[in-house]
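Undergrad: Quick note on numbering: the sequence shown equals residues 4 to 104 in the numbering used here.
None of these hints come from the bench; they were simulated from the model.
What you are looking at is a predicted structure, and each value in this text was computed from that prediction instead of being measured.
There could be a bad hint or two in this list.
[To be verified] Pairs of lysine-lysine residues, derived as DSSO-like cross-links and limited to a Cα-Cα distance of at most 30 Å, are as follows:
| id | residue 1 | residue 2 |
| --- | --- | --- |
| 1 | K32 | K58 |
| 2 | K82 | K68 |
| 3 | K93 | K71 |
| 4 | K80 | K68 |
| 5 | K80 | K58 |
| 6 | K58 | K82 |
[Said to hold, decoys possible] With beta-carbon atoms standing in for the labels, derived distance ranges:
| id | residue 1 | residue 2 | range |
| --- | --- | --- | --- |
| 7 | I89 | E10 | 17 to 23 Å |
| 8 | T45 | G20 | 17 to 23 Å |
| 9 | N88 | N11 | 35 to 41 Å |
| 10 | N90 | L23 | 23 to 29 Å |
| 11 | S9 | E103 | 27 to 33 Å |
| 12 | N16 | A100 | 17 to 23 Å |
| 13 | N88 | K12 | 34 to 40 Å |
| 14 | L55 | K12 | 18 to 24 Å |
| 15 | K85 | T64 | 20 to 26 Å |
| 16 | K32 | G6 | 17 to 23 Å |
| 17 | A100 | S62 | 14 to 20 Å |
| 18 | K93 | V13 | 27 to 33 Å |
| 19 | S73 | G20 | 33 to 39 Å |
The C-beta atom is built at its ideal place from N, Cα and C for all residues, glycine as well.
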Amino acid sequence: MNGKNSENKVVSNPNIGYGLYTIQYADGKTKEFYQIGLSANTTGISIYILGLKDKTYLSQTFGKKIGKASVSGYCIKFKTLKDININILKEAIRYGAEQEL
């Protein structure tokens with residue numbers, strides 16, 4: 004995704020993704036999105052793991068082991084790769100990719 008909306012206005016940082024996740028909105032509309040995503044920005048790197056049913060799983064399972072990173076219900080943010088344990092990041096991504104959506 005280039006970070007632009009249908010009117011060609013920048014609304015987010017460019018990002019890339021893997022897999023397919025369909026978001027269901029309250030009004031019944033749906034939007035297709037990636038399951039695992041990567042985005043670089045001025046503060047570092049964000050890895051998105053979408054579609055997890057348990058929004059506490061990432062932080063509880065990987066938060067203390069991953070290193071200098073912020074871990075939320077669907078996002079792992081860090082400044083540089085040297086700040087984190089790459090093997091733990093791989094484990095988190097693998098977990099997200101294996102989830103049935």
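Undergrad: Would you mind marking each hint as holding or not holding in the structure?
TA: Here's how the hints hold up against the structure:
1. K32 to K58: holds, 22 Å
2. K82 to K68: Satisfied, since the Cα-Cα distance of roughly 16 Å is no more than 30 Å.
3. K93 to K71: Satisfied, since the Cα-Cα distance of roughly 15 Å is no more than 30 Å.
4. K80 to K68: holds, 14 Å
5. K80 to K58: Status holds; Cα separation ~16 Å.
6. K58 to K82: Status holds; Cα separation ~23 Å.
7. I89 to E10: 17 to 23 Å: Violated, since I89 and E10 (Cβ atoms, about 38 Å apart) do not stay within the stated range.
8. T45 to G20: 17 to 23 Å: holds, 20 Å
9. N88 to N11: 35 to 41 Å: Given a distance of about 39 Å, which is inside 35 to 41 Å, the answer is holds.
10. N90 to L23: 23 to 29 Å: holds, 26 Å
11. S9 to E103: 27 to 33 Å: holds, 30 Å
12. N16 to A100: 17 to 23 Å: With Cβ atoms ~22 Å apart, the hint holds.
13. N88 to K12: 34 to 40 Å: Since N88 and K12 have Cβ atoms about 37 Å apart, the given range 34 to 40 Å holds.
14. L55 to K12: 18 to 24 Å: Between L55 and K12, where Cβ atoms are some 30 Å apart, the hint is violated.
15. K85 to T64: 20 to 26 Å: holds, 22 Å
16. K32 to G6: 17 to 23 Å: holds, 21 Å
17. A100 to S62: 14 to 20 Å: For A100 and S62 the Cβ distance comes to about 18 Å; the hint holds.
18. K93 to V13: 27 to 33 Å: holds, 31 Å
19. S73 to G20: 33 to 39 Å: For S73 and G20 the Cβ distance comes to about 20 Å; the hint is violated.
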